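J.: What follows is the residue order along each chain.
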Amino acid sequence: MPRIACLYLPLFPLAARLRSEPELIREALAVVEGNGNAARVVAATRLARAAGLRPGLTLPQARALCPKLVARPRDADCERAAQEALLEVAEAFSPRVEDAGEGIAYLDADGIERHYPGPSPELEMGRALMNAAEAASLPARAGIASSKLAARVAAGLPDPPVIVPAGEEAAFLSPLPLQRLAPEVDVAETLERWGVRSVGDFARLPPSRIASRLGRLGRELHSTARGVDPRPLIPREPPPAFHEGMSLEWPLVALEPFLFVGRAALDRLCQRLESRGFACQRLELEMRLEPDGFQTRSVVLPAPTRDVKTLLTLVRLELEARPPGAPVAGFTFVAHPDRPREAQLTLYGPAALSPDKLASTLARLFALLGPDRVGSPRPVDGHRPERFTLVDFSPPPPPETRREPRAGRGLLAVRVLRPPVEIEVLTNGAPEEPEAAPVEVRAAPHAEEAKRPRVEGPVKVASGPWGLEEEWWADDPAGRDYWDVEIAGRGLYRIYRERATGAWYADGIYD
Amino acid sequence: MAEPLTQTILEKPMHAPAALSRLRSALPEGLRAHLRSARELDRDLRESAGEGAFPTAVPVLDRLLDGGLPRGQLVELVGARASGRFSILLAALAAATSTGEAAALVDLGDGLDPAAAAALGIDLERLLWVRPARLKEALAATEMLLASGFPLVALDLGLPPLRGGRGVESSWLRLARTARAHDAALLVGSPYRVSGTAAAAVLKANRGRAAWRGGGVSPCLLDGFNARVELEKCRGRLPGQSEELRLLVEDLPRPALPPRQPARPALVQAPAVQERAWPLRRAASA
Chain A
-18 MPRIACLYLP LFPLAARLRS EPELIREALA VVEGNGNAAR VVAATRLARA
32 AGLRPGLTLP QARALCPKLV ARPRDADCER AAQEALLEVA EAFSPRVEDA
82 GEGIAYLDAD GIERHYPGPS PELEMGRALM NAAEAASLPA RAGIASSKLA
132 ARVAAGLPDP PVIVPAGEEA AFLSPLPLQR LAPEVDVAET LERWGVRSVG
182 DFARLPPSRI ASRLGRLGRE LHSTARGVDP RPLIPREPPP AFHEGMSLEW
232 PLVALEPFLF VGRAALDRLC QRLESRGFAC QRLELEMRLE PDGFQTRSVV
282 LPAPTRDVKT LLTLVRLELE ARPPGAPVAG FTFVAHPDRP REAQLTLYGP
332 AALSPDKLAS TLARLFALLG PDRVGSPRPV DGHRPERFTL VDFSPPPPPE
382 TRREPRAGRG LLAVRVLRPP VEIEVLTNGA PEEPEAAPVE VRAAPHAEEA
432 KRPRVEGPVK VASGPWGLEE EWWADDPAGR DYWDVEIAGR GLYRIYRERA
482 TGAWYADGIY D
Chain B
3 MAEPLTQTIL EKPMHAPAAL SRLRSALPEG LRAHLRSARE LDRDLRESAG
53 EGAFPTAVPV LDRLLDGGLP RGQLVELVGA RASGRFSILL AALAAATSTG
103 EAAALVDLGD GLDPAAAAAL GIDLERLLWV RPARLKEALA ATEMLLASGF
153 PLVALDLGLP PLRGGRGVES SWLRLARTAR AHDAALLVGS PYRVSGTAAA
203 AVLKANRGRA AWRGGGVSPC LLDGFNARVE LEKCRGRLPG QSEELRLLVE
253 DLPRPALPPR QPARPALVQA PAVQERAWPL RRAASA
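Residue numbers (the numbering used here), protein chains in the order written: chain A, -18 to 492; chain B, 3 to 288.
Chain B extracted, bound-state conformation (with noise of 0.2 Å):
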C-alpha cells in the first residue's frame, strides 16, 4: 500500500512534513513509529547519545539544565537587575561561539560592551548583534534568525520598562515552534515572566549580593557577587533545585586601572546547595 503512495511522493513534489505525515496515515498501526524524517533521527541520536544539549560553560546552568540548552528549545532566564542574567547570557555565547558556531544576540535593551564581550570570552567575529527598538520588532528579528540556521539565538529583554510590553503569549508559541523546527536553541533574558507556556525550562536568577575587596579606612574593590539561580520550571523534571552562581570582575576592562594581580582561580564555584537543606542546617545548628 506504502508503494505507490510512495512513488506518487517521489513523482510529485511535497513539502517533507506532508510527505511524511502521508506516508505514516498509508502504514500500518505498528510501523508508524518506526518511520523518521533525517531531522528527527539525527535529532533522536544526537539526543540519546547526549549531545541533544548546547553547553553554556556555565557549570551552574549546565548542571541545572542536565548538560545545557536543551537544542530546539525555548529558556527563560528571568532576573531582575544585578542577578547576573545578562553575565550568563554572555556566557553562553562565548561558550558557542568557542566551538566555533555562530550564534546570534537580539538585545533591545542595547547593553552589549564589544570591548567587555571580547574580554569575556566570545568570539565577536561569530557573533551577529542586533539591536531592535521595540519588543514587536525584536521577535521579529529572533524569528528571523533562528530560521536562517543560528544554533544559538539569545534575546535578551533588557531592564524595564520593556519598550512594547511583554508581548503576546502567541508570539512566543511561535518563536519555540521555529525553534523546534530549526533544532536551535534559544534563550530568553527577561526582567520577568513572559513566555508562559511555551518555554521548555525557565531559570530565575535572584539578586545577587555583592563582595568587595577591603573596607573600613581602606579603599573598596568591587569583586564580584553571588546569585542563586533556581530552576523554576522544566519539562519532565521536578522544579525547585537551585544552586549558588559565583561571578567575578577580574579582568573587567575598567578605565585608566591597570590589571589586578595577582591572577586567582577564575571561577569559584559554591558547592551546589539545595534549598530545603537550609531549615534542617539551622536545626542542627541550634
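Only chain A is shown next, with the shape it has when bound in the complex (with noise of 0.2 Å):
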C-alpha cells in the first residue's frame, strides 16, 4: 500500500504574504481580497482573530473591530513564490511531488521513513517534513496516510503530524464531521438532510443506494469517506526557473528603496538555489510599473553563482545604467539555475581555486570592468596581431601532483599597443615603395591630446619589410608592411604602413 505524506500549509494567502515581509508577524495583520472598502479579509494573523476578525469581513469592519489593523492585498508573486518554495522542501525529501495549489504539496513516502530509526520512524519523518518547511519560512502541518485525502485531512488536524496507519484510512476518518472530506461539495445539504452528521455515518450507508440517489459524485464521495482514494499521485515537473518576487505596498521611485526590498527576494531566491544544489546562471527582473507597464531586464553572469551581494550589484549596476522610468509597482527575479562549478580539492597538488569565490569574483569584475575586458584570452586565427577574443575563465582543475616550473626560454614579448599609435615616419626612399626605410619617426599632431605614448625619434636601425595581407576578399582588408626599428633612445618598436592609404602606425613595443 502506498504512504502518501501531505504539506500543507494553514491560512495560505497570509503565510505567504508573512514568508515576504517577517516583520510583520506580530502585527494585527489581515490579507484581503477585492478593492477599496468591498475588499474582504481573507486571511488573519493571530492577534487580529483575537481582536473578532474572521474571514469575509470587510475591510471597513475589520478596521472597525481592529484600528491597528495592517491590511495588505492578496498578492500572486508571493504566493506562486511561497508555494513553489513548499514544493521545494518536499522535492528534498522525495523525487515525486505533486503540486496540489494554494498551499497544499502532496509527496510519496514510500519508503523514505527507512531513513528515520526509531520506535515510529513516519513520526520522525513527519517532524523533518515540518522542520524542514520551517527552515523555509513556511509554517506547515504534515499528515502521513495511504491515500491523499487522507493525508490532507491528517495533516489539517491539530497537534500535527498526524500518522494514519496503513489500512485504518476508514477508522482514521470515521468521526471527522462530513465537511472535512470535501465541504465545497453540493451534495452536502442532501446528507445533512439524511441526517449523516460524519464521515462514519455516510460510510455506513450501503454503496449501490448511494450510487442510484446521488449519482457519480456520490460513488467517489462514499468511496472517500471509507478510505478509498481512487487520485493516484501526479508527479510534477521541475520548472525550468525559479522565481520569488512581490507587489509592493507603494510604487517605489528611488533605487535604494527597491534594491532593500530585493535583497530579501533574492536572499530566499538564494536560499532555494542552495537547496537544490543550484546556483544562478541568469537572472532576470520583471518589474510592474504604474499607473501600466512592464519592463523585463536580464542579468547573465560569467559563472553560476549564488553569492547574494554580487546579484545585488548586478542589479544595481543594470538599473543604474538604465532607470525604469516609471515608479516600480511590483517585481519578480526569475532565477535560471545551473549547476555551480565544482572542485576536487587535492592532498598534493596546487590548491584549485574555490569555484564559488571564483563565480562572484568574475560576476563582480564583469560589473566593475564590463564582459568585454574580462575572460580567458585566446588568439583569433589570422596573422593581425591586435586581434584575439576572450572566453569564460574555467581553469581545467590543477594536476593531481605539483609540477616544477618549466624552463623559462627567456623570450623577449610585444607590448601591443591598442589601438596602433598613429605616427609620421620619414624614409630614405618614396614614399609609396615598399622598400623605402624609416630614417626618422614623429609623433601625429594629435598623438598630445590622446594621452597615447609618445614615439618619436631618429631610427638607428630598421629591419624589414614583412608583408602581412590578410582577408583580400572581405570588405576590411588587411595589406601591412612591418619594421622593427630602433629609435635613439627610446626603444624597440614595430611599426607598420598600411597599404592601402600608406598611413604609418606603432602597434607593439619589444619589452
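Source of the hints: derived by calculation from the structure; they are not laboratory data.
Fair warning: there could be bad hints in the mix.
[Unchecked claim] Below, computed lysine-lysine pairings styled on DSSO-like, alpha-carbon distance capped at 27 Å:
# : chain 1 : residue 1 : chain 2 : residue 2
1 : A       : 432       : B       : 138
2 : B       : 138       : A       : 338
3 : A       : 290       : A       : 338
4 : A       : 290       : B       : 138
5 : B       : 138       : B       : 235
[To be verified] In silico contact screen, one side only, chain A against chain B (beta carbon under 8 Å); selected entries:
# : residue
6 : 311
7 : 383
8 : 389
[Said to hold, decoys possible] For each label pair, taking beta carbons as the anchor points, the in silico distance ranges come out as:
#  : chain 1 : residue 1 : chain 2 : residue 2 : range
9  : A       : 255       : B       : 168       : 39 to 45 Å
10 : A       : 100       : B       : 31        : 31 to 37 Å
11 : A       : 332       : B       : 68        : 33 to 39 Å
12 : A       : 372       : B       : 42        : 35 to 41 Å
13 : B       : 38        : A       : 217       : 49 to 55 Å
Just so you know, these numbers come straight off a predicted model, no measurement behind them.
For each residue, glycine too, the CB sits at the ideal point set by N, CA and C.
Using the hints, put the two chains back together into the complex; each one sits in its own frame.
T.: Okay, structure coming up:
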C-alpha cells in the first residue's frame, strides 16, 4: 500500500505574505481580496483574530474591530513563490511530488521512513518535513497516510504531524465531520437532510443506494469516506526557473528602497537555489510599473553563483545604467539555474580556486569593468596581431601532484599598442615604395591630446619589411608592411605602413 | 585559564584572527609564541622548507629574489619602455601556469597579445586576463583577485602616461596586506616607483641594448636585447645586486615570416656581474 505525505500550509495567503514580509508577524495583519471598501478579509494573524476578525468581513468592518489593523492585498507573486518553496521542501525528501495548489503538496513517502530509525520512523519523518518547511519560513503541517485525502485531512488536524497507519484510513476518517471530507460539494445539504453528520455515518450507507440516489459524485464521495481514494499521486515536472517577487505596498521611485526590498527577495531565492544544489546562471528582473507598464531586465553571469551581494550589485548596475522610467509597483526575480562549478581538492597538487569564490569574483569584475574586459584570452585565426578573443575563464583542475615550473625560454615579448599609435615616418626613398626604410619617426600632431605613448626620434636600425596580407576578399582587408625599428633613446618598436592609405602606425613595443 | 576561553570560542563562532588574538592574550607569556593558526603554520613550514617562493623560471629574477616571487608579498618591477619588464612579467605567468596553478594578469596598458603569450609558454586556459581602463579599477580588480585565491596576480601598469596617476600609498598597502592575508604573490610592473613602502622587494630593469643580426649592406634582423636588472630594495637583504638579462626574439610570431633556423639555445645567460666590479676590471685592464 503506498504511503503519501501531505504538507499543508494553513491560511496560505497570509503565510505567503509573512514569508515575504516577516517583520509583520507580530502585527495585527489581515490579507484582503478585492478593491477599496469592498475588499474582504481572507486570512488574519492570531493578534487580529483575537480582536474578532474572521474571513469574509469587509475591510471597514475589520478596521472597526481592530483600529491598528495592517491590511495587505493578496499577492500572486508572493503566493507563487511560497508554493514553489513548499514544493521544493517536499522535493528535498522525495523525487515524486504533486503540486495540489494553494499551500498543499503531496509527496510519495514510500520507503523514506527508513532514513529515520527509531520507534516511530514516520512520525520522525513528519517532524523532519515540518522542520524543513519551518527553515524555509513556511509554518506547514504534515500528515502521512495511504491516500491523498486521508493525508490531507491528517495534515489539517491539530497537533501535527498526524500519522494514519496503513489500512486504517476508514477508521481514522469515521469520527470526523463531513465537512472535513469535501466541504465544497453540493451534496452536503442532501446528506444533512438525511441526518448524516459524520464521515463514519456516511461510510456505513450501502454503496449501491448512494450511487442510485447521488450519482457518480456521490459514489466517489462514498468511496472516499470508506478510506478508498482512487486518485493517484501525479508528480510535477520541476520548473525550469525559480521565481521570487512581490507586489509593493507603494510604488517605489528611488533605487535604494527597491534594492532594500530586492535584497530580501534575492536572499530567499538564493536559499532556494542552495537547497536544490543549484546556482544562478542568468537572473531576470521583471518589473510592473505604474500606472500600466512592464519591463524585463536580464543579467547574464560569467559563472553560476548564489552570492546575494554579487547579484544585488549587478542588479544595481543594470538599473543605474537603464532606469525603469516609472515607479515600480511590483517585481519578480527569475533565476535560471545551473549546476555550480565543482572542484576536487588535492592533497599533493597545487590548490584549486574555490568555484564559488571564483564565480562571485568574476561577476563582480564583470560589474566593475564590463564583460568584454574580463576573461581568458585566446588568439584568433589570422595574422593581425591586435586581434584576440575572450572566453569564459574556467580553468582545468590542477594536476594531482605539484609540477616543477617549465624552464624559462628567455624570450622577448611584444607589448601591443591597442589601438595602434598613429605616427609620421620619413623614409630613405619614395613614400609609396614598400622597400623604403624608415629613417625618422615623428609623433602624429594630435598624439598629445590622445594621451597615447609618444613614439618619435631618429631611427638607428630598421629591419624589414615583412608583408602581411589578410582577408583580401573581405570588405576590410589588411595589407601592411611591418618594420622593427630601434629609435635612439626610446627603445624598440614594431611599426607598419598601411598599403591602402600609406599611413604609418606603431602597434607594439619590444619590452 | 585557557580552557574556559577555548570553550567560549568553540561555543560562540568567532572570526579566526579575533579568536587567535584572544587566545594569545589569555596564554602565559612564554606560550604565546608557540600558538599558530593553521595558515601561519603552513606558511612557516613552507618557508623553512624553501617552498615559500614562487619560481619565475627567469634565472636572473629567481637569483635576485632568492628563489622567486615570495608568497604573501608585493614585488615591484620598475622599468621604462623596452626594458624587458613585460617579458619578465609574462615569464613569471608562464612559470606559474606551467605548474598547473591559475594566474591573473591585470593589464592596465592592455598590451597582451594572446598568440605571443601562448608562444612564450603561458597556458592560456589557466590565465585570467583583466583589462581595466583606469588605475583605480586596476587596484580594485587586483584586490578582488587576491582575495579570491589566485596564487599569483601580475599587475602591469602599462606605459606612461598612466591612466589614473600613481594611486595613493594606502591602496598599495592595502594590496600588500591582502596578498599577505591570502598568501598570494603579487608582481607589479610599473614604469616608475608607485607602491612606496608596501613593496617587499623592488627590482629595476634598465633600458635594454638591442642586438641585431646582420648589418652593413646585408639586411638587419632583430636578435634580442640585453637588459640589466637591479635589486633596489629587499626586506632583510642588502640592495645593489644586479644581473644581466638577455632576451631573444626566437620563435616570436612575426607576420608572413617563416620560423628562423637553426634553433639556438633559448636563453643565453650572461655570468652574474656585480656592479661594483666594473671599476676594478677597468683598473686592471688599464
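J.: Is 35 to 41 Å right for how far apart the beta carbons of residue 372 of chain A and residue 42 of chain B are?
T.: holds, 38 Å
J.: For the pair residue 255 of chain A and residue 168 of chain B, does the Cβ-Cβ distance stay inside 39 to 45 Å?
T.: Cβ of residue 255 of chain A to Cβ of residue 168 of chain B: about 43 Å, so the range 39 to 45 Å holds.
J.: I want to verify a distance hint. Is the separation of the beta carbons of residue 100 of chain A and residue 31 of chain B within 31 to 37 Å?
T.: violated, 56 Å
J.: Look at the Cβ atoms of residue 38 of chain B and residue 217 of chain A and judge whether their distance stays inside 49 to 55 Å.
T.: Given about 53 Å between the Cβ atoms, the range holds.
J.: Does the alpha-carbon distance linking residue 432 of chain A and residue 138 of chain B stay inside the 27 Å limit?
T.: holds, 17 Å
J.: Holds or violated: residue 138 of chain B with residue 235 of chain B, Cα cutoff 27 Å?
T.: holds, 25 Å
J.: Quick check on the hint: residue 383 of chain A CB to chain B CB, less than 8 Å?
T.: Since the shortest Cβ distance to chain B is 7 Å, the answer is holds.
J.: I want to verify a distance hint. Is the separation of the beta carbons of residue 332 of chain A and residue 68 of chain B within 33 to 39 Å?
T.: violated, 23 Å
J.: Taking 27 Å as the top limit, are the C-alpha atoms of residue 290 of chain A and residue 338 of chain A close enough?
T.: holds, 12 Å
J.: Holds or violated: residue 290 of chain A with residue 138 of chain B, Cα cutoff 27 Å?
T.: holds, 21 Å
J.: Does residue 311 of chain A meet its interface restraint, that is, does its C-beta lie within less than 8 Å of any C-beta in chain B?
T.: violated, 34 Å
J.: Would you mind confirming whether the straight-line C-alpha gap from residue 138 of chain B to residue 338 of chain A stays at or under 27 Å?
T.: Holds, at about 22 Å.
Hints 6, 10, 11 from the list above are not met by this structure, while the remaining hints are.
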